[in-house]
Each structure stands twice: as C-alpha cells, then as structure tokens.
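*Asks:* Residues per chain, in single letters:
Number of protein chains: 4
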Amino acid sequence: MISTITLRVNYSETDQMGVVYHANYLIWFDRARTELMRETGVTYKELEQQGVYLAVSEVKVRYRAAARYDDLVRVRCWVRELASRRVTFGYAVERAATAELLATGETDLVSLTHQHTLTRIPAHVFELLKPVPDPVRV
Amino acid sequence: MISTITLRVNYSETDQMGVVYHANYLIWFDRARTELMRETGVTYKELEQQGVYLAVSEVKVRYRAAARYDDLVRVRCWVRELASRRVTFGYAVERAATAELLATGETDLVSLTHQHTLTRIPAHVFELLKPVPDPVRV
Amino acid sequence: MISTITLRVNYSETDQMGVVYHANYLIWFDRARTELMRETGVTYKELEQQGVYLAVSEVKVRYRAAARYDDLVRVRCWVRELASRRVTFGYAVERAATAELLATGETDLVSLTHQHTLTRIPAHVFELLKPVPDPVRV
Amino acid sequence: MISTITLRVNYSETDQMGVVYHANYLIWFDRARTELMRETGVTYKELEQQGVYLAVSEVKVRYRAAARYDDLVRVRCWVRELASRRVTFGYAVERAATAELLATGETDLVSLTHQHTLTRIPAHVFELLKPVPDPVRV
Numbered sequence: 159m160i161s162t163i164t165l166r167v168n169y170s171e172t173d174q175m176g177v178v179y180h181a182n183y184l185i186w187f188d189r190a191r192t193e194l195m196r197e198t199g200v201t202y203k204e205l206e207q208q209g210v211y212l213a214v215s216e217v218k219v220r221y222r223a224a225a226r227y228d229d230l231v232r233v234r235c236w237v238r239e240l241a242s243r244r245v246t247f248g249y250a251v252e253r254a255a256t257a258e259l260l261a262t263g264e265t266d267l268v269s270l271t272h273q274h275t276l277t278r279i280p281a282h283v284f285e286l287l288k289p290v291p292d293p294v295r296v
Numbered sequence: 159m160i161s162t163i164t165l166r167v168n169y170s171e172t173d174q175m176g177v178v179y180h181a182n183y184l185i186w187f188d189r190a191r192t193e194l195m196r197e198t199g200v201t202y203k204e205l206e207q208q209g210v211y212l213a214v215s216e217v218k219v220r221y222r223a224a225a226r227y228d229d230l231v232r233v234r235c236w237v238r239e240l241a242s243r244r245v246t247f248g249y250a251v252e253r254a255a256t257a258e259l260l261a262t263g264e265t266d267l268v269s270l271t272h273q274h275t276l277t278r279i280p281a282h283v284f285e286l287l288k289p290v291p292d293p294v295r296v
Numbered sequence: 159m160i161s162t163i164t165l166r167v168n169y170s171e172t173d174q175m176g177v178v179y180h181a182n183y184l185i186w187f188d189r190a191r192t193e194l195m196r197e198t199g200v201t202y203k204e205l206e207q208q209g210v211y212l213a214v215s216e217v218k219v220r221y222r223a224a225a226r227y228d229d230l231v232r233v234r235c236w237v238r239e240l241a242s243r244r245v246t247f248g249y250a251v252e253r254a255a256t257a258e259l260l261a262t263g264e265t266d267l268v269s270l271t272h273q274h275t276l277t278r279i280p281a282h283v284f285e286l287l288k289p290v291p292d293p294v295r296v
Numbered sequence: 159m160i161s162t163i164t165l166r167v168n169y170s171e172t173d174q175m176g177v178v179y180h181a182n183y184l185i186w187f188d189r190a191r192t193e194l195m196r197e198t199g200v201t202y203k204e205l206e207q208q209g210v211y212l213a214v215s216e217v218k219v220r221y222r223a224a225a226r227y228d229d230l231v232r233v234r235c236w237v238r239e240l241a242s243r244r245v246t247f248g249y250a251v252e253r254a255a256t257a258e259l260l261a262t263g264e265t266d267l268v269s270l271t272h273q274h275t276l277t278r279i280p281a282h283v284f285e286l287l288k289p290v291p292d293p294v295r296v
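Residue numbers (my numbering), protein chains in the order written: chain A, 159 to 296; chain B, 159 to 296; chain C, 159 to 296; chain D, 159 to 296.
Just chain A, with the same shape it has in the complex (with noise of 0.2 Å):
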C-alpha cells in the first residue's frame, strides 16, 4: 500500500534562491505518513490518545531537482520495515506535471510511551503497517 498527497508549494516554503527550501520537504514527508496511516485504518492522532507516540529517530533525504513556488507536488508514502518498536516510511516527491523525481527519502521512527520511554507498536497498529517494496530507488 503506498499513499499519495498533492501539495501545491507556498510562497513561504521558497528561498532566495528561488526554490522550495531543503528542511520543508520534511513537513512534507510527514504530511504524507499521516495520510498513509489514515488510510490504513488508524490515525495517527487516535495513536496518540491511546498513549502511543511516533518519534522521527532517522531522517535521510535525497535531493535531485529543485520544487518551485506554485508547482504542485505529489509525494508518495510507504512503509519500507516494520519492526516490534520502529518503523522506517519510505518517500518519493515528484512534480505532479511532469513526473519528474524531485526527492527521495526514509524516517524511521521509534514507538514511544508519553515518558518518552521505548514501547511495542500496538498490535492493531503493527497489522496495519504494512512494508511494501520501494515503488523507485530511495
């Protein structure tokens, strides 16, 4: 299962080098990993109410042409692994009208208890979470 979202770019995701700005394409990844689990059946808010929190522990991009002011951009989701405290999303960003790859990336993220100590997935979660193979190269 892989999720797409289509983001139009904002004026003040951009720089003065008049592309969007590197650390936005985080927000973006995690746009995506919302929907992607809202999709699944669960969302990450009602995860979040159960006592369970999603900490980004690794973040990894890849960076290959440039988003500009007003494109729309279509960034896909996936799950890549799945383990009993951690789970790695995997992220493509493209221009939506021309298809071209604009980024890749990973997270992972550990399961956490609100003390911010390591916990399991919740069962009913870790079901959910399917890994996929990588739809492109990340």
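If you are wondering where the hints come from, they were derived from the structure by calculation, not from laboratory data. Among these hints, one or two may not hold up.
[To be verified] Output of the computed footprint for chain B on chain C, the stretches with three or more beta carbons under 8 Å from beta carbons of chain B: (1) 174-183; (2) 211-219.
[Claimed, not checked] Under the rule of at most 27 Å between Cα atoms (straight-line distance), these lysine-lysine pairs were calculated in the BS3-like manner: (3) K218(C) with K288(B); (4) K288(D) with K288(A); (5) K218(C) with K218(B); (6) K218(A) with K288(A).
[Unchecked claim] On the chain C side, residues computed to face chain A include the following (Cβ under 7 Å): (7) Y169; (8) S170; (9) R189.
Ideal Cβ positions, reconstructed from N, Cα and C, are used throughout, including at glycine.
Mind docking chains B, C and D on chain A? Use the hints.
*Replies:* Relative to the frame of chain A, chains B, C and D by itself:
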C-alpha cells in the same frame, strides 16, 4: 524596561522575493518577548510549569522595510499595557548595522489555565510586567 | 467573490501548548490569498513573471479559538479594499467540522517592482480584484 | 576547524509532543554551517554575490534525545569531505547545560551556478574548507 535581542537572518527565513518572509517576524517577536520575561525575573517556561499559559490573542505588524539574508537584526520588546488577564507587548525591529526601522508590531496575550480557560496573571508575574511608554510609534 | 481552501493541520504546525502556533495562520492566509487570485483569473506567479510583486505591508490577526492537530480547517479569503498600489485582503478561519470561527484577519499588500519601489497594480489585475463586503466581522 | 553556535529553543520550534519538531534541526545545521563559513573567511552571502550557490543535495540526521523549549543548544559544524563540486558538512547538537548529545547529522552541498548547473567550488573557497576528523560519531 525594554529588552533587546539580536538575530542573524538565516537562509530558511528568506523567500524568493529575496527578503525575510513576513510570518517570521512573529517568531522574532516571540523570541524577544521570551527574553523580556527572563530579564524581568520570571521565565515563560516557569510560568507554564506553574500552570499558567500566555496565548496570543491578537497580532498587528507593520512592515516598513525588508530584512535580508545574513542581516543582523535587533528586536526590542516592551510591555505596552497590562490588565488582570491580558498583557500587550510592543516590538520594534531594526537592521542592526544602520538602525533602520524594519517593522513594528504588538501582540496581545491572554492568561489561560491548562484547560484553556481565562485566568488571572499570577500576582508575582503581574508585578514584574511594568508597562513603559513606546520607544517608537508602533 | 470569496475563495475557500481547506487544510489539514500538520504536526509541524502544533506547539507544546497542543494547539497551532499562531504564526502559521499567516501562512494559511497566504495559501488562501494565492487561491483567491488564481480563481479571479490571474495567478500571483504570473504577476511576478510580469515584474510585479505584492509585498505584505501590514497584518492583523484576531485569534478566537485554537486549531488543533489533524483538524480540517477552512480558510476564506476576499478583497476588502483596493487602491491603485495597495490591496487589502480579509480572512476567516473556521474548524471545518463545526464551523467554529477560529480566527479572522487582514493583510495589506503593496505593489512593488523588482527593485522594491511602489508601482501601480496592473490594470488587468486591478479589474479582477473586486472588493466584497466582509462575510464575518474581521 | 570546528565552529560552534549556541541557540535558545523557541516556542515556535516545539510541537505537541513537547519537544523540538525534527525538521528544525536542519535549520540549526544551516545556521551552524553559515557561521563555519564566516569563520573560515568567506561568508555564504559573498559566495552567492559571486554567482556560486551551495544547494543541499543530501541530508542525514540521527536524533538521539529530545531538545526542549527554552533549552540552550550547542551546534557544532565542520567539513567532513571536500570535492571539486561538492562539500559535506558534519554536525553535532548538544544540550548546552549537560553536553548530552541530542543529534548528529551531515549534509552534502553541491556547487551551482545561478542557472542551477553544477560548477566548481571557487579556488579561494575550496582552500578555506578544510576537512577535519569527526569530533563525534555522526
């Protein structure tokens, strides 16, 4: 009492117009307000630990000239008005090198409990937040 | 003419008070203004390509209730006032699920050349930006 | 040569988990890298004025412990590797009060012309960017 902080404009704060994106001034105001409180003798962090939250209820900013990448920028902050459950801060932003006025503004903050209901500003904090005359026209 | 966009509150937009950090509303306003312009028939991107920049010169926001993580939020935007070199936009932010009013605001934008000097709003754009009565009290 | 900056965590950088939102570390890296370049003898601003842009092409971050509101945070930055058209910077983020390691990371930057084509790092800059051994494991 007027507090002053000096900031270096980062690349992330610029936009493709080649100037600082306007929303960032609210963050600079926040930084200046935090230091003003620290200098009066109570940190905002301590206030929250005592169960009192100051939430922004109103914002006004007048942008007069553009801040640019790598500029050193000086932000002055002071208390404009004080009521039992509300405090108004004033701000002036200048380019440090030239003292050119870049922006002025004010923010109203209301005092809230953890449950987000209005509450009085604690007496020991109320005593510290002394209104002063505006050093510049806001 | 009143334009409406709907946004999902992302985790990056929250702060440790558990609500949306106040500066993010300016970015929502920007998104709504961009779509209003697109709907009138000229995109802001095209305007810049024609050498005309609209720079925010004044901002006012009244925060009435907190937006929260994962909320769907509706932002309405309209033209309040129009002059030869200045346009004022109004905004209303509501929680989509309940239509509760979360914030209102306005921004003044001035028309600038690439050299950051004041210039007239081009006639074809001026014609499109028709002021309308405020749908809510700003 | 290793450069060090010290930052105060602002409210805007926190999220509802009560810690610094992970994307902000990339901005801290940027701030540290800017100061490293200034200390070597050439500012990034001057480099852009000479028509050379350093664009982030790859990012890796490992988050080890959470930074919190009002923490003083120290960010060290150094050059890890240098090639004719690429430079890799390393970063270590620590809580200033305890020297606890909060995060490590690296970013690859490629040298671009204004037209976004690859170009050699100018000789006078290349001379200044001296790789040093990692002070901590990245």
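*Asks:* Give a verdict on every hint.
*Replies:* Okay, the hints, checked on the actual structure:
no.	hint	result
1	174-183	holds (count 5)
2	211-219	holds (count 8)
3	K218(C) with K288(B)	holds, 25 Å
4	K288(D) with K288(A)	violated, 45 Å
5	K218(C) with K218(B)	holds, 4 Å
6	K218(A) with K288(A)	holds, 21 Å
7	Y169	holds, 6 Å
8	S170	holds, 5 Å
9	R189	holds, 5 Å
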